[in-house]
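Chemist: Chain by chain, the residues run as shown.
Number of protein chains: 2
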Amino acid sequence: MSVQTLLLDFSLDPARLGDENGQKTVFNQLETVLKDYIPNLILAAEIKVDGGSLKLLTGKKGSTVAVRLFDRGLVTVNIEYYKEDSEEPLINFKSARVLENQLKKYMTVIKSQAYPPLKRCLFGRYYPTSDERLLEYDIDGVLFDEQSPFQRVQIVHSKTLGNMLVLDDLQNISEADLVYTETLMKRGKENYEGKEIVILGGGDGALLYELLKEKPKFVWMLEIDETVMNACNKHLRSICGDVLEQRKGHNYEIIVEDCMLTVNKFIKEGKKVDYIFGDLTDIPISESACGELWEFMITILQASFKILKQNGKFMTHGNGATSPESLELYEQELTKLKPPVKFSKSRAFVPSFLEDWIFYQISFKTTDNGDA
Amino acid sequence: MSVQTLLLDFSLDPARLGDENGQKTVFNQLETVLKDYIPNLILAAEIKVDGGSLKLLTGKKGSTVAVRLFDRGLVTVNIEYYKEDSEEPLINFKSARVLENQLKKYMTVIKSQAYPPLKRCLFGRYYPTSDERLLEYDIDGVLFDEQSPFQRVQIVHSKTLGNMLVLDDLQNISEADLVYTETLMKRGKENYEGKEIVILGGGDGALLYELLKEKPKFVWMLEIDETVMNACNKHLRSICGDVLEQRKGHNYEIIVEDCMLTVNKFIKEGKKVDYIFGDLTDIPISESACGELWEFMITILQASFKILKQNGKFMTHGNGATSPESLELYEQELTKLKPPVKFSKSRAFVPSFLEDWIFYQISFKTTDNGDA
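If you read the sequences in order, they're chains P and S. Just so you know, our numbering puts 143 at position 143 of the first sequence, and the rest follows in order with no gaps. Just so you know, our numbering puts 615 at position 243 of the second sequence, and the rest follows in order with no gaps.
These are computed hints drawn from the structure, not numbers from a lab. Honestly, I wouldn't trust all of these hints.
[Said to hold, decoys possible] Subject to a maximum C-alpha distance of 30 Å in a straight line, what follows is the list of computed DSS-like cross-link-like pairs (lysine-lysine):
id: 1; chain 1: S; residue 1: K717; chain 2: P; residue 2: K159
id: 2; chain 1: P; residue 1: K83; chain 2: S; residue 2: K717
id: 3; chain 1: P; residue 1: K119; chain 2: S; residue 2: K432
Please read these numbers as outputs of a predicted model, since none were measured by experiment.
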């Protein structure tokens, strides 16, 4: 079952919506065509709104149609009704496009758009991009859905992407995203053989799984959320193998607690590693580098540098390439760090994000062998 | 300027919406929280609908809020208002998510979803996938927009994909789609050197451009729509080079007319070629292989086979991998063809489609050297 919301837009010559008569004519034209699509359509309410008017119609099966006329020459039509899974839609995208074309001719519009119907009140099918665009995924089932002490953890199935981890209603990683992990670790360009590595976060296990193929000396993975690991161990085996099952091997260990505890322990011991992966939260999208998430990120970075060898690297994911302001802020923060650091970037189209993603490789500016 | 439509969904225990008192309580809870986000909110209309009720509120700046309560336990909230480009949104996605979380706690909901605001009545930002899902692209400008005798031809600019050809409001090819052309032609697996090739359609010039790099003997490109070629020649140079500029070279010719004219001429002359590319319309999505588009496609296939060498190949794009029914219908049609044919398939994720696409390679079943 779902609520179907079908949207249609029209732009008209504003002169046609400038007075009540004009609005009436346009509305009548709309109503005439809509009646062919929605049986038993009647006017239920009519409201004058600042800058326009709104008419509300009701029709078959409890369907409602809101027609909004904006003085500025815009018309929006929102059709909404309840649909059982077994029922045929009242209007599908194909008939919506036919309706759009009919109205276009009938009303002499400048521009128009019909949208594929939104299927609402279902399990998540809609996720945003980093720049807050709306994407409808081909999700056909939910395999896991639990609230952990830290976040809502879901595994959903996409026809295109396979199983996908969703954290707090944001798409995280799918079975189609090997390129994400390979770009994060710069496979083929970095040499991990015999190296000591710390992963901050990385609960889906994909990074650990891929790093272990590169024969490192030892990997510590510091993940706080056991629920994420349980979900991925069961439903994302193709990207994490059995590394989350065993939690410990001859060359790796997963420590389930706040990553700062181990980082601080390493600082105290004077332990230094070759690579640190920041696989925690994304760079927050905000207008200034303020707030809890930014502080958290900078604290983590500062502490990490204390356990990084002088020629070591801090590797992390940034944000969508469509959010240059956010990336710019992050880079500004990097330039303020002490000891001073330099960075390079890599970029990849991540299938489950449906956008290009930016990754950072950060290292110390000085190249002598003294400690930072 | 645009109309902003912000959608919110909630699922509740149906018992709570079962009677008028329950509906009133839920509505009051909603109204209390919404008032913090939309100033001057007042109730403008209240309508009993089959299977639920609808309340309409109006607020600041001519904003309207439609709250629909469905007896089945679903609540939809649609907020709509007019926004100048220079104005701040009344509610953005971030505040919508905060609002969602507030309502979630206040109303004890089972499930909820906030959607990134839809920006309506703009130039196209929203395009459907092959299975009619809604995708919002990061389009920030329109470079070309003309109605040709055959279709509406647009070139839009996407921040992620570069320039993109849009035909009749459907995304067609972008500057990020080399993989589309390479999968269509099976680059590296087919040898085009010294071969004679016919392209049916292909107005964007990308296929011709890539084929010419493979040193063919001659390529005939048969495209009906000059407007498409003019648009791509100007705005998609990175994918078509200068092949559309010259229209004719020592080893290729673009013939601007209905492709069937040249195909029929070749049939009459007894001319046969090594490869034919079907780069016309997609396989129609329909429940049966009927209708104009299917007939057109089969007519083209039948005629093409008459100008294809016995060991030649017909290469074409199919449809989205999420539309298996449509692909299945196409394959059934192929098995009915005379002379009998066999086919193989390839698959690629096409960036501008944001989905996997299926491509077909069709050849005659008999392998002797006699004519078909």
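Chemist: Next, verify each hint and record whether it holds.
Modeler: Now for the hints, and whether the structure bears them out:
| no. | hint | verdict |
| --- | --- | --- |
| 1 | K717/S <-> K159/P | 18 Å, holds |
| 2 | K83/P <-> K717/S | 37 Å, violated |
| 3 | K119/P <-> K432/S | 29 Å, holds |
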